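> Protein chains in written order, with my numbering: chain A, 1 to 347; chain B, 348 to 678; chain C, 679 to 1181; chain D, 1182 to 1520.
No wet-lab data here; the hints were simulated from the structure. Computed from a predicted structure; not experimentally measured. Take the hints with a grain of salt, since some may be wrong.
[To be verified] Here are the simulated DSS-like cross-link-like pairs (lysine-lysine), alpha carbons at most 27 angstroms apart as the crow flies: (1) Lys998/C with Lys210/A; (2) Lys859/C with Lys1096/C; (3) Lys6/A with Lys500/B; (4) Lys666/B with Lys215/A; (5) Lys1151/C with Lys1117/C; (6) Lys666/B with Lys1153/C; (7) Lys1096/C with Lys210/A; (8) Lys1258/D with Lys1297/D; (9) Lys1294/D with Lys500/B; (10) Lys1432/D with Lys143/A; (11) Lys426/B with Lys1258/D; (12) Lys1427/D with Lys291/A; (13) Lys688/C with Lys899/C; (14) Lys1038/C with Lys215/A; (15) Lys28/A with Lys1372/D; (16) Lys1062/C with Lys995/C; (17) Lys1372/D with Lys291/A; (18) Lys666/B with Lys211/A; (19) Lys215/A with Lys1044/C; (20) Lys562/B with Lys1153/C; (21) Lys881/C with Lys941/C; (22) Lys211/A with Lys998/C; (23) Lys1372/D with Lys143/A.
[Stated by the list, open to error] If we take Cβ atoms under 10 angstroms as the criterion, some of the chain C residues that face chain B in the derived model are: (24) Gln767; (25) Asp768; (26) Ser791; (27) Leu992; (28) Asn1058.
Backbone N, C-alpha and C define an ideal beta-carbon position, used for all residues, glycine too.
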Amino acid sequence: MRRFSKEWMLVGVFIFLFALMSILSPDKFLSLNNLQSMAFQLPEFGLLSLAMMVVIVTGGINLSLTSTAALSGIMGAFALSIMNSAGFDVGLTIAVAIVVSVLTSLLCGLINGSIISYIGVSPILVTLGTMTLFEGISLNFTKGGAISGFPEQYYWFGNGTILQIPVPMIIFIVFIVLTYIMLEHTPWGLCVYMSGCNPLATMYSGINVKKVLLKVYLFSALLTSVSSVIMTSRYNSAKVDYGSSYLLQSITAVVLGGTNIAGGYGKVMGTVTATLILQVLSSGLNLLGVKRYIVDVIMGAILILILAINFINSNIKFKTKNKSHNSDSNSNLIVSLLETLKIAKKG
Amino acid sequence: MKQFFKKKESTILCVLICIIIIITLNNSTFLRPDNIIDMIKGNTVLGIMSMGMLVVIITGGIDVSVGAMIAAITVIVGKFMVNFTGNVLLAFLLASLSGILFGLINGLLIAKLKIPPIVTTLGTMSIINGAMLYYTNGTWINDIPESFINFGKITLFKVPDGQGGTIGIPIQILFFIGAALITWIILKYSIIGRGIYAIGGNPVSAERIGYSLDKINLFLYSYVGFMAGIAAVVHTSIMRQVDPNAFTGFELQVVAAVVVGGANILGGAGTVFGTLIGVFLMAAMNNGLILMHIPVFWQKIVLGIVILVAVSIDVLQRKRTLRKLAKVDID
Amino acid sequence: MDDKFVVSLKNVSKTFPGAKVLDNIQLQVKKGEVHALVGENGAGKSTLIKILSGVYQPDDGAEIIINGQRVRELTTISSVRQGIAVIYQDFSLFPNLTVAENIAISHEIEEGSKFINWSKIEEVAKKAIERVGGTISIYDQLGSLSIAKQQLVAIARALVHDAKMIIMDEPTSSLSANEVKLLFDIIRSLKESGISVLFVSHKLEELFEVSERFTVLRDGKYIGTYNADELDYDKLISLMVGRKLQFERCTGNKIGEPLFAVKGLSKKGNFKDISFTLHKGEIISLTGLVGAGRTEVAQALCGITSFDEGKIILEGKEIKINSTEDAVENGIAYVPENRQVEGLVLSRSVEDNIVLTVLKQITESKLLIKRQRKREIALNWIKKLNIKPSSPAIAAQNLSGGNQQRVVIAKWLASNPKILIIDEPTNGIDIGAKTEIHKLLRELASNGMGIIMISSELPEVLAISDRIFVMRKGKIVAQFKGGEVTQEEIMSNAILNQPALAK
Amino acid sequence: GNNAKTTEGSKTDETKTSDTKADETKTEDKKTEENKKYTIVVMPKLVGIPYFNASEKGALQAGEDLGVEVIYTGPTKADAAEQVKMLEDLISKGVDCIAVAPNDPAAITPVLKKAKEKGILVLDWDTPADASVVDLSVHQIDDAEYGAYQWDLLVEAMGTDEGEYAIITGGLSAANLNAWIDAGIAHAKEKYPNLKLVTERIPSDEKQQVAYQKALELIKAYPNLKGIVGESTPAPIGIAQAVQEKGLQDKIAVVGCALPTDSKPYLEDGSLDYAILWDPAKLGYLTVYLAKMKLDGKSPVDGEEIPNVGSIRVKPDGKTIIMGPPVVFTKENAGNFDF
Ligand SMILES: Nc1ncnc2c1ncn2[C@@H]1O[C@H](COP(=O)(O)OP(=O)(O)OP(=O)(O)O)[C@@H](O)[C@H]1O
Ligand SMILES: Nc1ncnc2c1ncn2[C@@H]1O[C@H](COP(=O)(O)OP(=O)(O)OP(=O)(O)O)[C@@H](O)[C@H]1O
Ligand SMILES: [Mg+2]
Ligand SMILES: [Mg+2]
């Protein structure tokens, strides 16, 4: 039960913040307009956070996330603008562009994944290298400029709506469900979690851990490419630094979502809720006209606060002697807590 | 141990030497004393901060708030100097104190609330940076007192600059050397230093033999803050102006230098020597690419590939020695 | 207070969330005695030790008297200062530090110095290593040592302290006969110099060899303290488990046709010229000293490491095994010797651990996991192997050693292997569980499975093997039929350098 | 004095947001009373850099003078994605006019279109957005002219129109910097064919420290270097510092766009020859002024005299406004400015 509570507490925080913002600026925050615009903004970042999460669950990290997204967007954008100006059929152009985007991203994922799993270099080092490398390639292709000149119809992916629901949101939901199923309902997902906890024992059990890991980076790359398609469509262009500020933000969202930074634990629901929280905060505070810097301060404080609440929460649980199965560190924690409780009692 | 760590750093050292040779063959200016001195001076802030980052990384932690801390401290010290005095000693004192204070906050959160270091410092990064920018609105501080600027211009013993003239060693480099030395002594000769390695290797056992994780964490993150303070003053003494935005994205550079230098991001391993190699590798790459006249659009590609190749060779090398290692002595 | 006792514990209880692990325990260790603490897996021995060493705090009401003085609160450091040194079951060493540092660091801390005196560290470490008779270089990194050597280091570390009592939690679990002998010599010399030893082991012969008094725990409860002469083997067992148990030689089954053969397997620096044939329904043992290269052979056979030369033949056909995946596909299962690291994903549930080898069986149309099927399989094996607690959702790390081992075995049996390679199957497992595992192995063999058991524990080897291979320095040096050989014969082959008289 | 004003402004902002309904109705009443208290958003590429701080002052001043509410806000990083998000939130908030300095023109086209659909007046300032979506385009200067002017001054400072020079820019992907540089290079190709650019423009991440280091490296990599152009405000300062340290004031000419207060110490000893910029405060003022004018249904005309700004030029398309020629800051006049 304890494991669920972390995620549900986040949901609680989300509801609280949502309600708070609604009360503070009822006419604006709850307007269809604002809800829609939040739903337009969330997906690109949400997808990147999911992409980061699957990697963090294996105990890795992907610093090349945003530069992969940029490179993939730029390649897709090239395809779009070249074929568009050459007068190809629009449907074909868009299809080719998306395929190019996805393939570029998968290639990036393949490079990351194979060096990490088959050579065995630690993820932070590999992605540090590829982050620079992909950015360099993007720069070399674009010379720093933006690629634009897309067909009108491409605009739809990032800006269209179906029954008032933004298209990117629909895409996002599809991929949330896909990621959820992949991680929590397939053998591959089980292997991801198992090897995130203990790759050696997983390998000893006859699982090809390297393949599992490679697939994680490929899956992460897939999510990245979807995000990049949405971004290029929303910004109607592609450029080397689009979304560069998402890198640390996505790590923030993932850890806020309860994922263990050391690997082995992390739920789709947690990460998605965390991105929702960040979105509501940023839009809500913007609507209230709070200075951007103060928004940063509040975000940082919320991050620490939520994790602190998590900590206190698990302590209260302990006091009421709920049956729980703690991880090693938690049991240490409980021991130390016991001590403090004891001291408190004596004193 | 000596042998083991030497082995761990030897690959990256070889890569550094190769790069130096390649650059020098292309442009002999690279090894000219004035270039070397400029290069080190330009990277003192990175170097000093890497020493702080090294100790946390050895314990398996990380501090991504370093950029925000340095920026905030440059502002604090800058404002102080503009409004009160350009006394160098006071500047260092104030900087160290504010750095230690920032670090203590990180340390307390990590030790007492058991929030993972990366999360804590992501949070404090955002808070410190936001608060500092709210306060300054990004405005530069220009009127740094003359006395402090003069301090920044001090050079020590002249050495030939390779062009017939002489060049002095800038005072900033001394601080870099000092930071490296102190860190080395702490890691090598102090009980707490061994505790840092012990925690990185096996935190549960470290507690069992009597180390207090909380105390060490408090010390560690304060130490990082202290280094940030020193780095901030050194930076201001070089730039003579304070730009509150000068350190965005700096944390990644620091982490990069430390991990490329062979420190294990999971904790347990890392040396001052290795980190120095990491810093020099980054510095040499940045410097050398321009000296070699490599077009700017290729520079990141080259840098990325060098990092990938360096770390891959390192791992392959270690794997091979491990495979060759005889486990059983057969008659 | 009674000055006879170094340590006297009374009314010690310990409650973990959800479980009372110790219930009113008492323990009194006399000065200069070797005191055995015995009990089945999960009886609470390690927990009691952790209380003594200050790692855990007991529940209220406990009375702890050390050296005649009542102690209010024990912390790790005050425990060391009171003269209690511990060799933990999991060693508690630092893999990233050198042997010298591992041995001497805690000494320095205890002395309260702020800086390190390297020459002193080396001196202290050297002395300690000499004392345990090791040939270990103090400059080696601990992580690069074998488990056996690490254990020696852990022992050496405990000796450094100016201890009044040394607690050893299963110190012999991965030591070879020679090293055990050495350890006992050390224990005797400690005793002579007035130092008490609290000794935990599941190897009863060892206990009787050195211990003077026994304290028996069962299910967290205190059963009693006995002098060695009051006890014999059977009585001790019945006190521990509440019933009678004994290693009985299980007679061999009808042995079927050849199942699996290894021909001329060699790997530089690991093993050489390994050849043997395993038949259906047969249990063969690979025995020898720790470090003879048995684990290396097993790992090569199941794709964890590679080999340079040789053939592996399964049911008459040569097979290639390049990965653990290949091994599983060919029906080869390997239960590794270090279950905490290699055998289990400790923080995941028992269920997840068990189904890891049978992912195909629990997926529907190769895509999604069928939760119900997964649960069924797990429950089935939990029941079959009597794993306790029987909840499939509990994390593996919360099980005691013996039950953890059962989970590993369950995982492999679930995959329905043709060949089971099992490395030190009963290492750190209590006598009751041991016999059950032996029975289980026998039963599996009688159903036609071929079993290769790697074990350093000779009584066990003698009890269940059909054939016994002795390895020494990477080679098979002797081969015996089960039941036709004595411990002494095997030992002499494992140790000596002259060719053995094979029967 | 100005700082105090900003804090004051934000304070009123905050009180308003946290105020009770009564207050809000009061403001609303006021609004109907005056009937035309416009809300104008002025969004820079990013907040918290000196240049855009200066323009904030001007914009807020104009708001005060003209009786309109000016919201000056922008992302904390020069990231197009962040800018789009903020624009979306502001559209939800409901404003009368958005004037934006795009980090990337193409990226904000969709969101600007959305704004127009909602009936919001759309302007660009500082950096042009997609011409088809804006109602007015406020330029401090004509990009091509500005680039050419910088290169002319470079040649003047070098004292010769032949020799090697290099460029250090803020970032490779900054559209307006690229436009100036491209214009400058094109101009040089025509007018000074013997001027040789030694390497591609070098990025400095908008940091003085990086520009300083890159300049040192350039000086060594190209020993015959006679001039360096620095684009983006921190760059010329960093370059000048490098030149000063190496004592090359007389050998290497440095020009670029920089704020006068920052560049003063370097202008004084000649390590920085010319800083060329306009008054960002005026640009902010002009933007708000024109926005108000447009909201009132009027259009600016060529040569019109704007209070506190001066006369402006209007391009033939009727919607591109140019504030006027840049100011050149030198050792003599740098002290007269306060930005
Ligand atoms: N931190 C903990 N939280 C909950 N239960 C625990 C914890 N540590 C141990 N236990 C439980 O306490 C019981 C006693 O464990 P302990 O390790 O003391 O047994 P042991 O006698 O040393 O067994 P073994 O011989 O297998 O080592 C076991 O049932 C175990 O599952
Ligand atoms: N990295 C290493 N460096 C040096 N020696 C090593 C290393 N790893 C293992 N050894 C040595 O190799 C030998 C083989 O160890 P291992 O425990 O695998 O043998 P084994 O015959 O399987 O023993 P057992 O199964 O009884 O534990 C040991 O002597 C060990 O000390
Ligand atoms: Mg135990
Ligand atoms: Mg072995």
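> Compare the structure with each hint and give your call.
For each hint, the structure was consulted:
Restraint check: the Cα-Cα separation between Lys998/C and Lys210/A comes to about 19 angstroms, which is no more than 27 angstroms; the hinted pair holds. Restraint check: the Cα-Cα separation between Lys859/C and Lys1096/C comes to about 38 angstroms, which exceeds 27 angstroms; the hinted pair is violated. Between the alpha carbons of Lys6/A and Lys500/B the distance comes to roughly 55 angstroms, so the proposed pair goes past 27 angstroms and is violated. At most 27 angstroms may separate the alpha-carbon atoms for a hinted pair to count; Lys666/B and Lys215/A meet this at roughly 23 angstroms.
A C-alpha spacing of about 31 angstroms is found between Lys1151/C and Lys1117/C, which places the hinted pair above 27 angstroms, so the restraint is violated. At most 27 angstroms may separate the alpha-carbon atoms for a hinted pair to count; Lys666/B and Lys1153/C meet this at roughly 25 angstroms. Note on Lys1096/C and Lys210/A: the hinted pairing holds, with a Cα-Cα distance of about 26 angstroms set against a maximum of 27 angstroms. A threshold of 27 angstroms between alpha carbons decides the hint, and for Lys1258/D with Lys1297/D the separation of about 25 angstroms falls inside it, so the pair holds.
Distance hint between Lys1294/D and Lys500/B is unfulfilled; the C-alpha atoms sit about 54 angstroms from each other, more than 27 angstroms. Distance check on the hinted pair: Lys1432/D and Lys143/A sit about 31 angstroms apart at the alpha-carbon level, beyond 27 angstroms; violated. For a cut-off of 27 angstroms, the pair hint linking Lys426/B to Lys1258/D stands: about 24 angstroms separates their Cα positions. For the hint pairing Lys1427/D with Lys291/A, the CA-to-CA distance comes to about 42 angstroms; that exceeds 27 angstroms, so the pair is violated.
Distance restraint check for Lys688/C and Lys899/C: the Cα-Cα separation of roughly 12 angstroms lies within the 27 angstroms cut-off, and the hinted pair is therefore satisfied. Simply put, Lys1038/C and Lys215/A have alpha-carbon atoms about 18 angstroms apart, close enough for the 27 angstroms limit, and the pair holds. Restraint check for Lys28/A and Lys1372/D: not satisfied, since their Cα atoms lie roughly 56 angstroms apart, outside the 27 angstroms limit. Restraint check for Lys1062/C and Lys995/C: the C-alpha separation of about 33 angstroms exceeds 27 angstroms, so the hint is violated.
For a cut-off of 27 angstroms, the pair hint linking Lys1372/D to Lys291/A is broken: about 47 angstroms separates their Cα positions. About 19 angstroms separates the Cα atoms of Lys666/B and Lys211/A, which keeps this hinted pair within 27 angstroms; it holds. For the hint linking Lys215/A to Lys1044/C, the alpha-carbon distance of about 16 angstroms falls within 27 angstroms, and the restraint holds. For the suggested pair Lys562/B and Lys1153/C, the alpha carbons sit about 51 angstroms apart, so the restraint of at most 27 angstroms is broken.
For the hint pairing Lys881/C with Lys941/C, the CA-to-CA distance comes to about 35 angstroms; that exceeds 27 angstroms, so the pair is violated. A C-alpha spacing of about 19 angstroms is found between Lys211/A and Lys998/C, which places the hinted pair at or below 27 angstroms, so the restraint holds. Restraint check for Lys1372/D and Lys143/A: the C-alpha separation of about 25 angstroms stays at or below 27 angstroms, so the hint holds. Using the Cβ-Cβ criterion of 10 angstroms, the hint placing Gln767/C at the interface with chain B is not satisfied: the shortest such distance is roughly 12 angstroms.
The interface hint given for Asp768/C is met, as the beta carbon of that residue sits about 8 angstroms from the closest beta carbon of chain B, less than 10 angstroms. Contact between Ser791/C and chain B, as hinted, is supported at the beta carbon level, the nearest pair being about 6 angstroms apart and thus within 10 angstroms. Annotation: Leu992/C was flagged as interfacial toward chain B, and the flag is violated, the nearest CB pair being 25 angstroms apart, outside 10 angstroms. Among the interface hints, the one on Asn1058/C is violated; its C-beta lies about 35 angstroms from the nearest C-beta in chain B, farther than the 10 angstroms criterion.
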